[in-house]
Amino acid sequence: MRDIDRSVGAVLGSAAGDALGAPFEFGLPGSFRERFPDGVGTMCGGGGWDPGEATDDTQMAVLVGESLLERRGLDLPDLFDRFRRWAASEPKDIGLQTEQVLLGGDSWDLAASLHFQVNARAAGNGSLMRASTSAVYFAARGRAATMDAARRISALTHGDGAAWEGTAILHELVRVALLGGDPVAAVPATLAEVTPAHRGRWSRILAPGWHPDHATECNGAVWPCLGSAVWALRTTGSFEEALVAAVDLGGDTDTVTAVTGMLAGAVYGAAAIPGRWTSPLHVPLPGFGDRVLRADDLRDLATALAEGSRPS
Numbered sequence: 015m016r017d018i019d020r021s022v023g024a025v026l027g028s029a030a031g032d033a034l035g036a037p038f039e040f041g042l043p044g045s046f047r048e049r050f051p052d053g054v055g056t057m058c059g060g061g062g063w064d065p066g067e068a069t070d071d072t073q074m075a076v077l078v079g080e081s082l083l084e085r086r087g088l089d090l091p092d093l094f095d096r097f098r099r100w101a102a103s104e105p106k107d108i109g110l111q112t113e114q115v116l117l118g119g120d121s122w123d124l125a126a127s128l129h130f131q132v133n134a135r136a137a138g139n140g141s142l143m144r145a146s147t148s149a150v151y152f153a154a155r156g157r158a159a160t161m162d163a164a165r166r167i168s169a170l171t172h173g174d175g176a177a178w179e180g181t182a183i184l185h186e187l188v189r190v191a192l193l194g195g196d197p198v199a200a201v202p203a204t205l206a207e208v209t210p211a212h213r214g215r216w217s218r219i220l221a222p223g224w225h226p227d228h229a230t231e232c233n234g235a236v237w238p239c240l241g242s243a244v245w246a247l248r249t250t251g252s253f254e255e256a257l258v259a260a261v262d263l264g265g266d267t268d269t270v271t272a273v274t275g276m277l278a279g280a281v282y283g284a285a286a287i288p289g290r291w292t293s294p295l296h297v298p299l300p301g302f303g304d305r306v307l308r309a310d311d312l313r314d315l316a317t318a319l320a321e322g323s324r325p326s
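The sequence shown begins at 15 in our numbering and counts up by one.
One or more hints might be untrue.
With a straight-line Cα cutoff of 20 Å, these simulated DMTMM-like cross-link-like pairs (lysine to aspartate or glutamate) come out [what the hints assert, rightly or not]: (1) K106 - D64; (2) K106 - D304; (3) K106 - D95.
If you anchor each label on the Cβ, the simulated ranges turn out as follows [claimed, not checked]: (4) H228 - D314: 37 to 43 Å; (5) S103 - D196: 37 to 43 Å; (6) G289 - E48: 23 to 29 Å; (7) A199 - G59: 36 to 42 Å.
For the record, the hints were derived by calculation from the structure and aren't laboratory data. In this text, a Cβ means the ideal position worked out from N, Cα and C, and glycines have one as well.
With the hints as constraints, model all of the structure from the sequences given.
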């Protein structure tokens, strides 16, 4: 399998997971299989979402990807401005913390840290959910570069270092998968690169015996969100099985399944994503005209990110 297929798989797989999980957000565990007893689900819509409609998870991932391409690398002020323009357009869904940081009036380099100082809580999964495009872009630059970029992008909206480290871990696991490796097997080496203050907790969450039932927070927090995605990948044998396992956990299903789709797409490639999930997929982009991206647009974006990041 060519690495470009895996790159498309990561971006498209995350978007598919986002749209698949959106109608089940805040639902109870088992809701997906209750609706689809055979485990073969469709983009059903519901909860205010049309069938195949992606949420803020994929919308922000697109903004990250387009900024990286247009600015030819990581331009944090530009990216923050895009986020703020999007947030000001009243998207259908936006995380409370992200909204407060983006619309609070503070500068790009202070907004998240000031929010954290006041609230003392900023370890949501909102920087995991948008990581597919940046993970693809920075993969060719190696472990240190991709983990550093993840931390810097996360810190635009999340002041808690736990969110930075979780996003850095996700970036590195995607990088390993894009190279044809096993991201689950790469967890120990990745944890060695985590800031020591956060390494212990992440080691417990990503341990082989960890199960989502062991979580001490809802999966809207960064730890159980990434832990659940790794668990879903580790305990299943296909792209579809991994996403079904993730969405059926209940809770913050769009993001948990988006992160799972990112990892599973990088492992199994774009060809493993069912057409019944990609054909209705669409990504409205509030604040940027009447743009609506489809699956082919996401494929093109992922291809450009993978090719544009390679050293000349």
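These are the hints, each one checked on the structure:
Proximity of K106 to D64 is assessed by CA-CA distance (about 12 Å); at most 20 Å being required, the pair is judged to hold. Between K106 and D304, the direct Cα distance comes to roughly 14 Å. Compliance with the 20 Å bound is thereby established for this hinted pair. A distance of roughly 19 Å separates the Cα atoms of K106 and D95; the hinted pair therefore holds under the 20 Å criterion. Taking the beta carbon of each, H228 and D314 are about 40 Å apart, inside 37 to 43 Å as hinted.
A hinted range of 37 to 43 Å holds for the C-beta pair S103 and D196, which are about 40 Å apart. Distance hint check: the CB atoms of G289 and E48 are about 24 Å apart, consistent with the given range 23 to 29 Å. For the pair A199 and G59, the beta carbons lie near 37 Å from each other, so the given range of 36 to 42 Å is met.
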